[in-house]
Amino acid sequence: MSSGPRTYRLGEIVARLGGELIGDQDPEIRRIATLESAGPGDLSFVSNPKYLKHLTGTRASAVILARGQRGATRLPAIVCDDPYAYYARAAQLLNPEPQAAPGIHAQAVVEAGAEVASSAAVGPFCHVARGARIGERVVLGPGCAVGEEAQIGEDSRLGPSVTVYARSVVGKRAVIHAGAVIGADGFGIAPQGGRWIKIPQTGRVVIGDDVEVGANTTIDRGALDDTVIEDGVKLDNQIQIAHNVRVGAHTAIAAFAGIAGSARIGSHCAIGGAARIMGHIEIADGVTVTATSFVTKSIRSAGTYSSVLPAEPAQEWAKTVAQLRGLERLTGRVRELEGRPKPGKRKGKR
Amino acid sequence: MSSGPRTYRLGEIVARLGGELIGDQDPEIRRIATLESAGPGDLSFVSNPKYLKHLTGTRASAVILARGQRGATRLPAIVCDDPYAYYARAAQLLNPEPQAAPGIHAQAVVEAGAEVASSAAVGPFCHVARGARIGERVVLGPGCAVGEEAQIGEDSRLGPSVTVYARSVVGKRAVIHAGAVIGADGFGIAPQGGRWIKIPQTGRVVIGDDVEVGANTTIDRGALDDTVIEDGVKLDNQIQIAHNVRVGAHTAIAAFAGIAGSARIGSHCAIGGAARIMGHIEIADGVTVTATSFVTKSIRSAGTYSSVLPAEPAQEWAKTVAQLRGLERLTGRVRELEGRPKPGKRKGKR
Amino acid sequence: MSSGPRTYRLGEIVARLGGELIGDQDPEIRRIATLESAGPGDLSFVSNPKYLKHLTGTRASAVILARGQRGATRLPAIVCDDPYAYYARAAQLLNPEPQAAPGIHAQAVVEAGAEVASSAAVGPFCHVARGARIGERVVLGPGCAVGEEAQIGEDSRLGPSVTVYARSVVGKRAVIHAGAVIGADGFGIAPQGGRWIKIPQTGRVVIGDDVEVGANTTIDRGALDDTVIEDGVKLDNQIQIAHNVRVGAHTAIAAFAGIAGSARIGSHCAIGGAARIMGHIEIADGVTVTATSFVTKSIRSAGTYSSVLPAEPAQEWAKTVAQLRGLERLTGRVRELEGRPKPGKRKGKR
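Protein chains in written order, with the numbering used here: chain A, 1 to 350; chain B, 1 to 350; chain C, 1 to 350.
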């Protein structure tokens with residue numbers, strides 16, 4: 001690996017990324033930092049008005065602000081439509097991905113019949129099986145396993161110990177973090193006579209372009225047809241995507257979310273952490289599911305869906321649960337008060 | 001690896017797997033496919049009557065049907081008791097496990113005093129520690145670690161980067177997917193003076209025959225006695241089995257389920273995805289726990305148990321949560337309406 | 001690896017660990033065992049009075065008892081303040097960590113510019129990148145990856161296939177189990193024009209001393225500032241710690257718990273299995289969160305917090321959920337009974 005952080009004059013950043021420069025264009029910017037931790041050479045940003053108060057006293061050399069905040073500081077400022085997105089772009093500029101030296105490490109094993117592009121970097125202890133294809137500028141971290149006839153698209157980067165099972169397809173510019181497992185068998189079992197028969201999982205995983213897969217996330221291969229992750233999907237750590245799921249383009253899914261078999265998630269959805277999606281259902285485009293919620297049936301229209309139970313002091317919560325269990329009885333009591341006793345219910349019982 | 005899919009005449013499949021053949025026995029079958037995606041050479045199946053409608057228009061060469069559906073198509077058909085189980089068997093026939101070439105890869109490390117059967121295949125970058133025993137026809141994928149005195153039974157197959165810690169025992173015909181960890185320390189800590197003392201975990205993990213373990217699933221070793229997974233258990237991805245748990249034979253557990261320490265799960269249970277089982281409790285044979293439910297006390301009889309909260313539109317859900325928090329007050333109001341004011345409660349307050 | 005279990009006379013154990021010895025000091029103790037599974041040579045313990053009944057009939061050679069239980073057996077006994085902590089200490093004495101032979105395995109790759117202490121043991125298939133520092137007596141299991149400029153403090157032990165990304169800092173005496181991933185990118189994405197822009201994650205993970213990290217647990221690096229795990233924290237398996245989280249000293253967190261971005265957990269907390277902590281909130285010192293609960297807002301004072309829903313037979317549970325959904329209507333009916341119809345609500349409707 002080489003390269004690493006670069007520095008830019010503030011004016012150079014604006015020349016590359018746009019926005020309006022207010023004040024001195026000369027400050028040399030070395031990194032991005034929060035208002036509170038910034039020092040000289042740092043570019044900071046205000047993406048939420050509640051942090052405007054930290055502008056006073058920041059030691060940043062410059063600040064990214066929304067248009068409506070243009071007068072909020074005397075520091076050199078970049079004024080733009082969306083300071084958070086601008087911060088992301090500026091951080092990419094200042095922190096280019098390290099370039100790995102191309103080549104196959106002497107302690108990697110590439111089987112005959114695998115194709116590895118000459119600009120790709122295959123790390124030590126990687127195994128690339130027969131028929132696999134590794135695209136241009138792909139980086140495989142140490143200890144990755146790429147199965148037979150699997151494909152990794154150009155400019156994709158795999159962290160250490162990533163497994164891509166046979167025939168899986170990963171698109172271009174993927175970022176896959178350590179320990180992720182792409183294309184393990186789906187959980188296909190058929191009951192017979194009190195035992196389980198394993199159902200061979202003969203579909204694939206097909207991942208589009210510009211997808212990120214978090215550490216230790218698992219995406220299972222399809223039973224018959226494929227499991228599909230469309231372009232631009234972002235997956236956090238420790239997510240489970242079961243067989244034959246389809247995740248629509250540009251959907252983001254947070255850690256621990258689980259998508260059960262054959263569910264179809266729309267495009268531009270946001271699935272919160274530890275949310276669960278039942279199998280064989282469909283979720284429309286543009287749906288938000290809040291963290292920890294469990295979607296048990298199809299959702300036909302965009303919007304936010306939830307079944308969050310917020311924690312309370314345990315003694316209060318215990319009372320709530322007790323009340324919940326008594327709800328049917330309470331309803332009966334209200335019915336009696338209304339003079340409409342339930343058929344067969346003995347009056348006076350509670 | 002070699003081999004891969006095979007082809008059979010339809011009549012050959014029936015000769016091997018049973019069932020009643022209706023129509024032409026000659027079609028050559030190359031694979032299984034769903035009714036909708038099938039083409040010539042494909043065998044399809046109807047395991048759920050709601051998919052019977054897809055029979056019209058399928059391009060499959062033949063179909064597996066239940067006895068009651070025998071007249072549902074003019075295509076060649078296999079009629080049987082359980083089309084889903086038949087599909088599983090036929091898929092196994094058509095997709096035999098690839099045979100790995102026996103031997104220890106030149107880039108594997110097998111320590112002195114380990115026993116590796118001559119028919120076993122140890123992949124590159126595997127480490128087999130002193131005293132470990134690898135049975136006949138076992139396949140270790142790339143990058144597996146098998147600890148001291150661990151045992152892997154014959155015909156078992158481990159995916160890439162599987163860890164089997166020291167003294168763990170894996171039975172015959174296991175399938176263990178990438179990233180699974182067998183026999184890491186249980187979470188044993190004792191509080192003393194505001195700090196935690198680590199309790200050495202000296203038990204083992206003992207896994208029976210015909211067990212499947214999903215990708216990135218973890219099964220901890222026992223504190224003193226063993227953690228036990230009985231024969232025929234099927235575990236999906238990213239499951240956590242804590243120390244000293246016992247899972248009964250032929251129980252199936254879906255992804256993300258967590259079984260806390262010393263819980264005992266019966267045989268022939270079905271534990272849904274992301275279900276949680278409290279520690280130190282017992283669950284009877286034949287229990288089904290629905291996905292995401294939390295079992296907090298022992299279950300003494302077979303049946304289905306649940307604490308699922310289905311997601312709703314967030315605004316409606318927020319009202320429900322507010323109502324839930326007001327339940328105790330509502331009960332008080334009903335009590336007052338009934339003329340039974342709670343002692344000490346001031347009348348008229350609500 | 002060498003060493004393994006040792007044996008001690010009962011009197012030697014008391015000489016080293018304290019406590020009051022009652023009866024024969026000569027029994028040779030080989031291991032710790034539960035009262036029920038113990039045999040000759042075993043030391044057992046009673047940490048919970050409900051197990052006192054098992055004292056009758058145990059075959060243990062000696063027993064650890066609380067002061068109040070001193071007359072409970074005729075077996076040789078160690079009487080102490082806290083039998084569970086004593087058990088932990090005795091188990092450590094009897095089961096010293098195996099000593100790995102120092103040195104870098106011939107099949108490990110240590111890049112130029114990495115520093116590996118001469119007493120450290122680097123296993124086969126490990127990759128130690130440029131600028132990384134591996135402390136005295138550190139043990140790296142097979143297949144670990146330690147990134148550029150990462151640091152592993154003295155006496156730390158990493159299991160197989162652990163990833164420590166670039167610049168991460170691990171303190172002294174850490175125990176990190178197989179498949180854990182330290183320092184992968186946090187889930188930082190900014191929306192722009194219907195797509196997601198990746199935000200470079202330039203902070204680090206900084207882990208204090210005496211921390212344990214369970215198998216397949218993931219701890220993400222900070223976006224700008226660091227993610228911090230303080231001294232003495234104990235993390236179980238398959239936990240997710242998001243970017244910029246801080247976990248206070250001596251807090252213990254059980255399996256599957258998830259801590260969202262920028263949350264701050266106090267010291268001496270106990271977070272139950274599969275509990276979830278919302279991002280950007282603070283939890284005071286000494287807080288207990290029960291298993292599966294979801295903390296959605298800051299907790300300012302010590303105590304126990306919960307949102308546990310215990311599973312019930314599914315038919316009963318279905319009624320409860322139906323009642324829950326009808327709660328708003330029920331409240332309206334009570335309001336009408338009280339003679340206070342809701343504005344705009346038609347009388348008589350239910």
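Misleading hints may appear alongside valid ones.
Subject to a maximum C-alpha distance of 35 Å in a straight line, what follows is the list of computed DSBU-like cross-link-like pairs (lysine-lysine) [unchecked claim]:
1) B:K53 - A:K297
2) A:K297 - C:K297
3) B:K198 - A:K50
4) C:K172 - A:K53
5) C:K172 - A:K50
6) B:K198 - A:K198
7) C:K297 - C:K319
8) C:K297 - B:K297
9) C:K319 - A:K297
10) A:K297 - B:K50
11) C:K297 - A:K319
12) A:K50 - A:K198
13) B:K297 - C:K172
14) B:K297 - C:K198
15) A:K172 - C:K198
16) B:K50 - A:K319
17) C:K319 - B:K198
18) A:K198 - A:K172
19) B:K50 - A:K198
20) C:K172 - B:K198
Taking CB as the label site, the calculated pair distances span [as the list claims (entries may be wrong)]:
21) A:G279 - C:A101: 45 to 51 Å
22) A:G279 - C:R74: 29 to 35 Å
23) B:P98 - C:A112: 51 to 57 Å
24) C:T7 - A:I189: 56 to 62 Å
25) A:R300 - B:A318: 18 to 24 Å
26) C:K50 - B:R329: 34 to 40 Å
27) B:R6 - A:R16: 25 to 31 Å
28) B:T56 - A:A322: 53 to 59 Å
29) C:A117 - A:A322: 56 to 62 Å
Chain C side only, calculated, beta carbon under 10 Å to chain B, not exhaustive [claimed, not checked]:
30) Y8
31) E20
32) A88
33) D225
It should be emphasised that the hints constitute simulated quantities derived from the structure, not laboratory data. Even for Gly, the Cβ is constructed at its ideal location relative to N, Cα and C.
Hints, verified against the model:
Restraint check for B:K53 and A:K297: satisfied, since their Cα atoms lie roughly 22 Å apart, inside the 35 Å limit. In summary, the hint linking A:K297 to C:K297 is supported, as the alpha carbons are separated by about 28 Å, within the 35 Å threshold. A C-alpha spacing of about 43 Å is found between B:K198 and A:K50, which places the hinted pair above 35 Å, so the restraint is violated. Straight-line distance between C-alpha atoms of C:K172 and A:K53 comes to about 39 Å, which puts the hinted pair past the 35 Å bound.
Using a Cα cut-off of 35 Å, the hinted pair C:K172 and A:K50 is violated, with the two alpha carbons roughly 39 Å apart. Distance restraint check for B:K198 and A:K198: the Cα-Cα separation of roughly 39 Å exceeds the 35 Å cut-off, and the hinted pair is therefore not satisfied. Between C:K297 and C:K319 the CA atoms are separated by roughly 30 Å; this keeps the pair inside 35 Å, and the hint holds. Our distance criterion of 35 Å between C-alpha atoms is met by C:K297 and B:K297, whose separation comes to about 28 Å.
For the suggested pair C:K319 and A:K297, the alpha carbons sit about 18 Å apart, so the restraint of at most 35 Å is met. A distance of roughly 18 Å separates the Cα atoms of A:K297 and B:K50; the hinted pair therefore holds under the 35 Å criterion. At roughly 20 Å between alpha-carbon atoms, C:K297 and A:K319 fall within 35 Å of each other, so this suggested pair holds. About 55 Å separates the Cα atoms of A:K50 and A:K198, which puts this hinted pair outside 35 Å; it is violated.
This hinted pair does not check out: B:K297 and C:K172 have alpha carbons roughly 39 Å apart, beyond 35 Å. Restraint check: the Cα-Cα separation between B:K297 and C:K198 comes to about 44 Å, which exceeds 35 Å; the hinted pair is violated. Restraint check: the Cα-Cα separation between A:K172 and C:K198 comes to about 15 Å, which is no more than 35 Å; the hinted pair holds. This hinted pair does not check out: B:K50 and A:K319 have alpha carbons roughly 44 Å apart, beyond 35 Å.
For the given pair, C:K319 sits about 45 Å from B:K198 by alpha-carbon distance, which is inconsistent with the 35 Å threshold. Using a Cα cut-off of 35 Å, the hinted pair A:K198 and A:K172 holds, with the two alpha carbons roughly 33 Å apart. Between B:K50 and A:K198 the alpha-carbon distance is near 24 Å, which keeps this suggested pair within the 35 Å criterion. Taking the CA atoms of C:K172 and B:K198, the gap is near 15 Å; set against the 35 Å cutoff, the hint holds.
Taken as a hint, the range 45 to 51 Å holds for the pair A:G279 and C:A101, whose Cβ atoms sit roughly 50 Å apart. Between A:G279 and C:R74 the C-beta distance comes to about 59 Å, which lies outside the given range of 29 to 35 Å. Between B:P98 and C:A112 the Cβ separation comes to about 40 Å, which falls outside the hinted range of 51 to 57 Å. Checked against the hint of 56 to 62 Å, the pair C:T7 and A:I189 fails, with Cβ atoms roughly 46 Å apart.
At about 20 Å, the beta-carbon gap between A:R300 and B:A318 stays in the expected band of 18 to 24 Å. At about 38 Å, the beta-carbon gap between C:K50 and B:R329 stays in the expected band of 34 to 40 Å. Checked against the hint of 25 to 31 Å, the C-beta distance between B:R6 and A:R16 comes to roughly 57 Å, which is inconsistent with it. Against the hinted window of 53 to 59 Å, the Cβ-Cβ separation of B:T56 and A:A322 comes to about 55 Å, which satisfies the hint.
A hinted range of 56 to 62 Å for the beta carbons of C:A117 and A:A322 is consistent with their spacing of about 58 Å. Taking 10 Å as the C-beta cut-off, the interface hint given for C:Y8 is violated, the closest approach to chain B being about 14 Å. With a least beta-carbon distance of about 18 Å to chain B, the hint placing C:E20 at the interface is violated under the 10 Å criterion. The beta carbon of C:A88 comes within 4 Å of a beta carbon in chain B, closer than 10 Å, and the hint placing it at the interface holds.
Below 10 Å, beta-carbon pairs count as interface contacts, and C:D225 has none with chain B, the closest being about 27 Å; its hint is therefore violated.
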